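**Student:** Sequence:
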Amino acid sequence: MDLEITNRLIASSEPPRRLFRGTTVALVGLSMMMGALWANPELLGSAHTLGWLLPHVILLLIVGLVVGDVMRQRRVDHLLRETQEAILLEDWTRAWTVLNELLRSPIRRLTTRTQALLALAAVAEARHAFEAVQRVCEYLLERGLGHPVQQHVTRVTLGATMLRTGQTSDAVALIDRLSAQNLPGPMRAQVELLALFREVVLGHAHETLGQAAERRELFRAYLGTRAGYGYGLLAAAYDRANRSEEARQYWHDATLLVRPQDLTDRFAELASIAKRYPAVENPF
Numbered sequence: 001m002d003l004e005i006t007n008r009l010i011a012s013s014e015p016p017r018r019l020f021r022g023t024t025v026a027l028v029g030l031s032m033m034m035g036a037l038w039a040n041p042e043l044l045g046s047a048h049t050l051g052w053l054l055p056h057v058i059l060l061l062i063v064g065l066v067v068g069d070v071m072r073q074r075r076v077d078h079l080l081r082e083t084q085e086a087i088l089l090e091d092w093t094r095a096w097t098v099l100n101e102l103l104r105s106p107i108r109r110l111t112t113r114t115q116a117l118l119a120l121a122a123v124a125e126a127r128h129a130f131e132a133v134q135r136v137c138e139y140l141l142e143r144g145l146g147h148p149v150q151q152h153v154t155r156v157t158l159g160a161t162m163l164r165t166g167q168t169s170d171a172v173a174l175i176d177r178l179s180a181q182n183l184p185g186p187m188r189a190q191v192e193l194l195a196l197f198r199e200v201v202l203g204h205a206h207e208t209l210g211q212a213a214e215r216r217e218l219f220r221a222y223l224g225t226r227a228g229y230g231y232g233l234l235a236a237a238y239d240r241a242n243r244s245e246e247a248r249q250y251w252h253d254a255t256l257l258v259r260p261q262d263l264t265d266r267f268a269e270l271a272s273i274a275k276r277y278p279a280v281e282n283p284f
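Letter 260 of the sequence shown, counting from 1, is numbered 260 in this note's numbering, and no numbers are missing.
Think of the hints as simulated: they come from the structure by calculation, not from any bench.
Note that the structure is a prediction, hence the values are computed from the model and not measured.
Each residue gets a CB set at the ideal place from its N, CA and C atoms; glycine is no exception.
Check each hint, because a few of them may be wrong.
[Unchecked claim] Restraint ranges, calculated between C-beta atoms of paired labels, are given here:
#	residue 1	residue 2	range
1	ARG109	ALA268	32 to 42 Å
2	LEU3	GLU101	19 to 29 Å
3	ASP77	GLU207	43 to 53 Å
4	GLN211	ALA271	17 to 27 Å
5	ARG109	GLU214	35 to 45 Å
6	ALA213	VAL172	22 to 32 Å
7	VAL280	THR93	25 to 35 Å
8	ARG8	GLU207	35 to 45 Å
All chains, full assembly: derive it from the sequences and hints.
**Tutor:** Okay, here's the thing in structure tokens:
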């Protein structure tokens, strides 16, 4: 997965920019024709059979166009559900395969397309294709696509990507803006996880250990099993403060929720922690 493929999928999934779609024009035209024929049957002349048949043919064409549109949207919804299920299961190969099928054609609903592109960013992040992740996020933000929650997820993803690619100043500015917002619990938990990652990357995590208990509660309440990533980063923070007992406990809690390999794959900064502290055998 590279930038060229990402740009191609962004372009191929873009809906038509014209005011009226072909289906809409056809429906309007056929409806007007049928209305005119029913209002004035003499337009067909003296052919009685044709006068009876043509309006019914037009009606069938209209029904066919509507059904075709509904079937296309159902297919898009089905593929998006498949993608999201694969991402939840961390089946990145399956998610990538389905996304290629989903994004190769225009997606007319903007929120659906935004969700599909965010899924593309998630797959790219899992494959460490960070240039592709940044391209997707910047595209979504530049176009103002998505509802507020989707835009929030986009900014959080972009902030993490900038940290990973050394764009520290831009990342810090973005994270500071997110941290200054009054956010509901689930969104606040995402921002705190991102802020903690920033502190670990910059070597300042040991300076903010006073927030550790509050962050732990946020992660536990709103992140589900993903709270394990937060616990892993807290273990790194305590380790750097030479507080090995707390670090050991947080690493224990992290590996109860997430496999050590997944922790270090997502956050390379945890590799040294994985070597230093014992992991729990993941029961799942």
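**Student:** Are the hints correct? Go through all of them and say.
**Tutor:** Checked hints:
Distance hint check for ARG109 and ALA268: the Cβ-Cβ separation is about 37 Å, which falls inside the suggested range of 32 to 42 Å. Distance hint for LEU3 and GLU101: a CB-CB separation of about 20 Å, consistent with the stated range 19 to 29 Å. Under the hint 43 to 53 Å, the C-beta atoms of ASP77 and GLU207, about 47 Å apart, fit the expected range. In this structure the supplied range 17 to 27 Å holds for GLN211 paired with ALA271, their Cβ-Cβ distance being about 24 Å.
In this structure the hint that ARG109 and GLU214 lie 35 to 45 Å apart at CB holds, the actual value being about 38 Å. For ALA213 and VAL172, the Cβ-Cβ distance of about 24 Å falls inside the hinted range of 22 to 32 Å, so the restraint holds. The given range of 25 to 35 Å is respected by VAL280 and THR93, whose C-beta atoms sit roughly 27 Å from each other. In this structure the supplied range 35 to 45 Å holds for ARG8 paired with GLU207, their Cβ-Cβ distance being about 44 Å.
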